[in-house]
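Asks: Chains A and B, in that order, are what the protein sequence lines are.
The first sequence lines up with residues 1 to 324 when you count with this note's numbering.
The second sequence lines up with residues 325 to 748 when you count with this note's numbering.
Incorrect hints may appear among the rest.
As the list claims (entries may be wrong) - Covered by chain A, according to a simulated footprint, are these stretches of chain B (three or more residues, beta-carbon under 8 angstroms):
id	region
1	354 to 360
2	393 to 403
3	425 to 432
4	677 to 687
No lab work stands behind these hints, which were simulated from the structure alone.
All C-beta atoms, glycine included, are put in the ideal place defined by N, C-alpha and C.
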Amino acid sequence: MTSDQDTTSDQAGTVPAWTSRGASRSSRPWRGAGLKRERWLGYYFLLPAILLTTALIATPLARAFWTSLHRTRGLRSDFVGLDNYVYLLTTAEFWESLRVSAVFTTVCVFFHMLLGLGLALMLNKVVFARTLLRVGLLAPWIVAPSLGAIIWVWLLEPQFGVVNYMLSSIGLIERYQTWLGTPELALASVMIVDIWRGTPFVMLLLLAGLQGIPRDQYEAATIDGASAWQQFRFITLPNLRYLLVVASTLDVIYTMRHFDVIAVMTAGGPIGATEVLPVLIYNTAFTQNNFGRASAIGILLLGVILIFAIFYLRATQPGKARED
Amino acid sequence: MVMKKRAAIGLVAALTVSLSSSVGALAQEITLQWQATALSEAQYEPIWKDMVAAFEAEHPDVRIEPIMVPRADNWTKFVTSAQAGAAPCIVSVPIPSAAYNGYLMSVQDMWDSEPESYKSVWAQNAFGALTFEGELYGLPHYAGIYGEVYNRSLLEAAGLDPEALPTTWEEYLEWAKALTGEDHWATTVLAGPTDTTTRVLLSWIYSNGGRAFNEDLTEATFAKDPKSLEAIKFYLSLASEHGVAAPGPATLNYNEQTILFAQEKIATMRNAYWGLAKVLGDNPDLADDLLVAAPPANSEDAMSVATLTTVSISANCEYPEQAWEFIKFMNEPEWAVRMVSAANWMPLRTDLLDRPEVAGDPIVQTYLEIGANSLTIPLPTPAWEQIASKDVVEAVQRALQEPDRVEEIFTDLDALVTQRLNDI
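Hey, can you work out the whole structure from these sequences and the hints?
Replies: If you want it as structure tokens, here you go:
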């Protein structure tokens, strides 16, 4: 029986033939029982996925939390309760890393959104070489982050790097800079690389949104004499509002837990200037050999990300897009 | 019909016997995984391939499976697999850290059962770095002794005499100034995020007769020892005050240093013998230009640094006896001599020193002379990795940023490292 047939029987007010219990309960509205059963059927279908997710996500998460309650030294560990959390929350290392993460995420997400929207608007307009431009602009996102980071390390290399050569050739810098070797420049450099890497994702989402805006809204606005800015302000932005919220929230989550680019380019240095929380986790686990403390940082980072995840879930509630 | 049936039964029986014998043979074959960063080095590849083939020919029931891993990922990959109880049987990792964490198997009993004639051929001063809490955890494989490497052509171009290489800091600084120009420098100050930064810093400290740690490894003395602090200040001043070092020290490590040397952007580098192999791999034209000397010193009791690469058996290894056999095999004179010649690794067996490949190579001899007056790292503390790869590196980076606060920064480092040494 197809769903179309279901709908037909619903409209006709008859009991679907496949619900054997439906006939004996003809005095009760059949619809509620059927839907309830159908809903449970959905859960049965989801059960393998739920079990798999539990095995792959919940179990390691529980294990990570359990590890965070231990002082670990390789294969040995002692239960220390919340000592790792107390240590982290009372030492500067964690807060400094959180600060670097916050700066990194704020700046990167801001520019991902700004440039992503700009590029999406441009791509939505262009006709000539549209496909080529789309593929070209997506390239940074397609390239594996660690590979892209290695390329950038060589571009930014202080003695032979192309960036220094080009900037000094056009007179923007007087002497070659050590982009990854000084704290301020290193953070700016990894942020620029992350902006290069992350912008296409936002661009792609927003371009899809732009292409869904009915043309007649713009035509009506043009007839009414609206300027380009007014069309953008009163048609484009309201239509994209839902996607902008979704894209920025997802981007915050992605950027907050971003690891590859910084690990490859600076490993968190110099002097911790680029040591975002995921890099601090890695350094704590593998340089300090302290898996307990690294797990505690991971749990705290998860807490931060969960706040944004809840925001994202609320923003994407069914019907929310329509309301917006 | 009966014949056909008998033939079929015979065929099935033959197949069954053949299959079961094959399965039996497969079941008897032992696979030993061998993880080492050197496996991916071009100059070592032909040697280890021949070595594995020879070992497998001698031991048909054992198969060696090489696990190649980049230098930067060696420890991470090992720890991850060790945590999962699936570490490769044969590994080259820092012994104190790995043994302390329970990742390695003691080879003390296997070593004790070896004849004296075998035990006596090893350089005995190498064994300190192989022992943890009184137990031996591996065999030495090769050493890297830090000397000063010069480019003869660049020295001559600067009007310096290659036959009279500098022996003191003052002479070195004078030379360094002569070797520095607008787009080229005398040397590098290393401050990149690896333990190479610490190795080179220690070589400067030792060249002044200083010490960075006390004898029983309970205290760091980078700033506390005046000779150590003096050496640190002099070394860092090459970059911050005198401008004779390539810019961007915090981005420079072994790889960048050897590239700069190969491209003749720097004229000298503090490096081990294997650094020369890397340079010649990048620029073979320098083959006749390489000179090696002891690091310039500022004290009569100056020393240098020797690093030790070891081979151990992981704690989860199911076939330790076969692994021990392979470890011994890879240190046989035939392979050790080839490693000296082709891979530029310093031998740790005293019975190799008279071999013509070793005795007849003036650069090897120079390195061996430097090595006779060197202190070995890694130091036998489980905190070594963290101290060498992070704490010292950050202090050097910070001191380069704030040259007026060098003493304060290294005093803080002393406190931090002392805490780590005692927080075991």
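Asks: A separate judgement is required for each hint: does it hold in the structure or not?
Replies: Now for the hints, and whether the structure bears them out:
{"no.": "1", "hint": "354 to 360", "verdict": "violated (count 0)"}
{"no.": "2", "hint": "393 to 403", "verdict": "holds (count 3)"}
{"no.": "3", "hint": "425 to 432", "verdict": "holds (count 3)"}
{"no.": "4", "hint": "677 to 687", "verdict": "violated (count 0)"}
When held up to the earlier numbered hints, the structure conflicts with 1 and 4 and fits the remainder.
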